[in-house]
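Novice: For the record, the sequence lines run as chains A and B. Those letters in the first sequence? Residues 1 to 379, by my numbering. Those letters in the second sequence? Residues 1 to 381, by my numbering.
Treat the hints as calculated values from the structure; they're not laboratory data. From a predicted model like this one, the values you see are computed outputs, not experimental measurements. Worth double-checking, as some hints may not be accurate.
Some but not every residue of chain B turned toward chain A, in silico, with C-beta under 8 Å [said to hold, decoys possible]:
no.: 1; residue: Ile25
no.: 2; residue: Tyr29
no.: 3; residue: Met125
no.: 4; residue: Thr126
no.: 5; residue: Gly131
no.: 6; residue: Thr204
no.: 7; residue: Asp218
no.: 8; residue: Asp338
no.: 9; residue: Arg341
no.: 10; residue: Gly344
no.: 11; residue: Glu347
no.: 12; residue: Arg359
no.: 13; residue: Ala360
So these bits of chain B aren't anywhere near chain A, every CB distance computed over 10 Å [stated by the list, open to error]:
no.: 14; residue: Trp32
no.: 15; residue: Lys203
no.: 16; residue: Gly231
no.: 17; residue: Leu339
no.: 18; residue: Tyr345
no.: 19; residue: Asp348
The C-beta atom is built at its ideal place from N, Cα and C for all residues, glycine as well.
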Amino acid sequence: MDFQLTKEQRDIQTAAREFALGEFDPDMAMEFDAKQQFPVGVWKKACELGFLGARFPEETGGQGCGLLEHSLIVEAFCRQDSGMGMALALAGFGSEMILRHGREDQKSVILPLVAQGQGIVTAAVLEEAPAFSSIETSARATNHGYVINGAKSFVTLGTIASYMIVACRSSSDAPHIQSNFLLEPSLEGISVSGMGDKMGMRMIPVDRVTFDGVMVSEENIVGRSQCGDEQLRDFFTELRVETAAMGTGIAQGAWDRAVAYSKKREQFGKAIVSFGAIRNKLADTYVDIEMARLMVYKAAWSFDRGRPDTRETLMARMSATRAAYRTAYEAVQIFGGYGYMTEAHIERFYRDAKALELLIEQPPFQRALLADQLLGKVQ
Amino acid sequence: MHDVLDTQEHHAYREAFKAFLSREILPFYDQWEKEGIVPRSAWKRMGAQGYLCPWVEKEYGGAGLGLEYSFIITEEMAYAGVHGLMAGLHSDIVAPYIHGFGTDAQKARWLPGCVSGDKILAVAMTEPDAGSDLSSIRTTAVRQADTYIINGEKIYISNAMLADLVVVACKTQQESGSPHKDICLICVEEGSPGFSRGRNLEKTGWHSQDTGELIFRDCKVPAANLLGEEGKGFYYMMEKLQQERLVSAIMSQSSAEAVLQMTLRFLSQQRGLRGAREGLSMSQTMIVEMATDVEIGRTFLNSLIRDHLGGEDVIKKVSMAKWWTAEMANRVVSLCLDLYRDYGYLEDYKVGRFFRDARAHPIYAGTNEIMKRIIAKVLGL
Numbered sequence: 001m002d003f004q005l006t007k008e009q010r011d012i013q014t015a016a017r018e019f020a021l022g023e024f025d026p027d028m029a030m031e032f033d034a035k036q037q038f039p040v041g042v043w044k045k046a047c048e049l050g051f052l053g054a055r056f057p058e059e060t061g062g063q064g065c066g067l068l069e070h071s072l073i074v075e076a077f078c079r080q081d082s083g084m085g086m087a088l089a090l091a092g093f094g095s096e097m098i099l100r101h102g103r104e105d106q107k108s109v110i111l112p113l114v115a116q117g118q119g120i121v122t123a124a125v126l127e128e129a130p131a132f133s134s135i136e137t138s139a140r141a142t143n144h145g146y147v148i149n150g151a152k153s154f155v156t157l158g159t160i161a162s163y164m165i166v167a168c169r170s171s172s173d174a175p176h177i178q179s180n181f182l183l184e185p186s187l188e189g190i191s192v193s194g195m196g197d198k199m200g201m202r203m204i205p206v207d208r209v210t211f212d213g214v215m216v217s218e219e220n221i222v223g224r225s226q227c228g229d230e231q232l233r234d235f236f237t238e239l240r241v242e243t244a245a246m247g248t249g250i251a252q253g254a255w256d257r258a259v260a261y262s263k264k265r266e267q268f269g270k271a272i273v274s275f276g277a278i279r280n281k282l283a284d285t286y287v288d289i290e291m292a293r294l295m296v297y298k299a300a301w302s303f304d305r306g307r308p309d310t311r312e313t314l315m316a317r318m319s320a321t322r323a324a325y326r327t328a329y330e331a332v333q334i335f336g337g338y339g340y341m342t343e344a345h346i347e348r349f350y351r352d353a354k355a356l357e358l359l360i361e362q363p364p365f366q367r368a369l370l371a372d373q374l375l376g377k378v379q
Numbered sequence: 001m002h003d004v005l006d007t008q009e010h011h012a013y014r015e016a017f018k019a020f021l022s023r024e025i026l027p028f029y030d031q032w033e034k035e036g037i038v039p040r041s042a043w044k045r046m047g048a049q050g051y052l053c054p055w056v057e058k059e060y061g062g063a064g065l066g067l068e069y070s071f072i073i074t075e076e077m078a079y080a081g082v083h084g085l086m087a088g089l090h091s092d093i094v095a096p097y098i099h100g101f102g103t104d105a106q107k108a109r110w111l112p113g114c115v116s117g118d119k120i121l122a123v124a125m126t127e128p129d130a131g132s133d134l135s136s137i138r139t140t141a142v143r144q145a146d147t148y149i150i151n152g153e154k155i156y157i158s159n160a161m162l163a164d165l166v167v168v169a170c171k172t173q174q175e176s177g178s179p180h181k182d183i184c185l186i187c188v189e190e191g192s193p194g195f196s197r198g199r200n201l202e203k204t205g206w207h208s209q210d211t212g213e214l215i216f217r218d219c220k221v222p223a224a225n226l227l228g229e230e231g232k233g234f235y236y237m238m239e240k241l242q243q244e245r246l247v248s249a250i251m252s253q254s255s256a257e258a259v260l261q262m263t264l265r266f267l268s269q270q271r272g273l274r275g276a277r278e279g280l281s282m283s284q285t286m287i288v289e290m291a292t293d294v295e296i297g298r299t300f301l302n303s304l305i306r307d308h309l310g311g312e313d314v315i316k317k318v319s320m321a322k323w324w325t326a327e328m329a330n331r332v333v334s335l336c337l338d339l340y341r342d343y344g345y346l347e348d349y350k351v352g353r354f355f356r357d358a359r360a361h362p363i364y365a366g367t368n369e370i371m372k373r374i375i376a377k378v379l380g381l
């Protein structure tokens, strides 16, 4: 057992921290949050320095690193700024499916695009019905390829994505048989519309995408046909760790700010950090953060050793997004009236933390999945 | 659910107010939230219908009703998620300072306007360096013949932009040696020379509530605007803060009830969807736990309202209710959001706004940490 990061990992962590410190201007972040805009300029810079494609092989513009290194980067980014960090991490949403399961020609198009910041990739997976149910959007085989019909919701950055991976059921008699299609959203029959304002994670607008008789070819299928289910499962496993890394970063960032403020702010003639009520909060939340971090690193480490463990990824996601919410909640409290004001920046961490907790797999769903993993499914 | 407030008269009043709310307030509320302020005309409509300070005696223009009628209004507004037009602050937090400590002349001069909505009220205690520690305020009031000259800055003041009359906590230069004994309350009216407003601050929630800064630069007000006696301001605040905390608890409790109801409605609408049944069965215990929390909160709150209306000393109980309902409301809304799935973060689903709004409750009117400090004192810790 060795709890040390390697020198290379520490260097990556430091580089990511320094980048975020230099580039994530808080006032600029506040403006992107207010306008609900994706921070294109910062994203491109992060890509130029190789931060966002670190997991990808070197020949596709990446660094050949693992999920642990990626997690360190995402954590450092979110620690500096919750909104910027999440926006950057999610700019290649679903590209993991290409990385792990795509054909070589698909990898050579998509991975450099994501790694070098030349285009946004997204995945259209969720539908109106809860995540427990099967996918309804269908890809019907015809003589000339496939015809896609259906609708997807909560598609991140749908309006500005260059490519979209669409999860479809691909067999009329077996709903669980799925294929994922890699499409350009400009295709005829695809329409993208915004889902309105959000209370958190505002730099990542989400969209509704409808598919009305969209004609695609066999070539558009990600990797092998009828393997969509497995591809999605692997993607969610990896996404959970990434989300957990975001949560750890947000929690740590909120904690750092709460500590700095409580040392500076004086009431009753003393810095408020000297009061038990404040010290208790800072101690309790630090336990949450450190436990989440250990879980995230463990899950990423197992993944990188070729032994992804669904239980670990779920526990990482559950503990880290919970730590983010709780820590940001208490951090706002420590800031008092100022904390509720936009200009203090800490309330953004709070809104973002809750939005992150709600992203795709919510706590009740995570808990049920974990119970299934630990105890077996109820027959 | 509202046993203390549930005679036939109360019920009829509640129904009438709900009808008013859905006709005159709710259709415009999203717009006000965007604009960051409530129009003055809405306050006047509230006043015209008798929904501001309904407890004020008829001789001052009020309806002479019991205080609980005001609480019904606060409850229904919180239930509907209306925090911008903060009637509870105006009627039950600020007006009682004038009513409780004002002279007959002051009451006759100001209360009729408070009832009609022509005089919107605010109370200014907090300063950039004096939040939880109220005794450390630095705004000064110096008596010069028939006037007070006020200098200082107040921050996070609700109704800051609209207020026509602000009850300002100031230090008089008495050098008593006890910071608590130097404070006085002075009414500053719109148009007083040297009184200006700073920024209308942007916040997590309560977007239509104008929360901002007030600036006093050699601000001149007649000495006749002093409320009660010099040097007693701190004690006046300690007295009236009890009811402020009760109003806060009513708001927290009602928000929690609203969010739970809303969530149950959402889930029942979802019931037809594929997979929804599985989701619901999984969340059953969690919903039951929330319903229990909400019920316990209501029971405690109603018992507190009963005590308060009966004139009992509620300092311990109201401090407990204030922090507990604020935490509970935030816990409930956070868990309810989980049940809304990804919809929870969309503003179109009202629950997201309740989430943003609820975060204020553990902070204003004395933070939860201050509530616990007070309770500790009462317990002799």
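Novice: Under the constraints set out in the numbered hints, which ones does this structure not fulfil?
Specialist: 1, 2, 3, 7, 15, 17, 18 and 19
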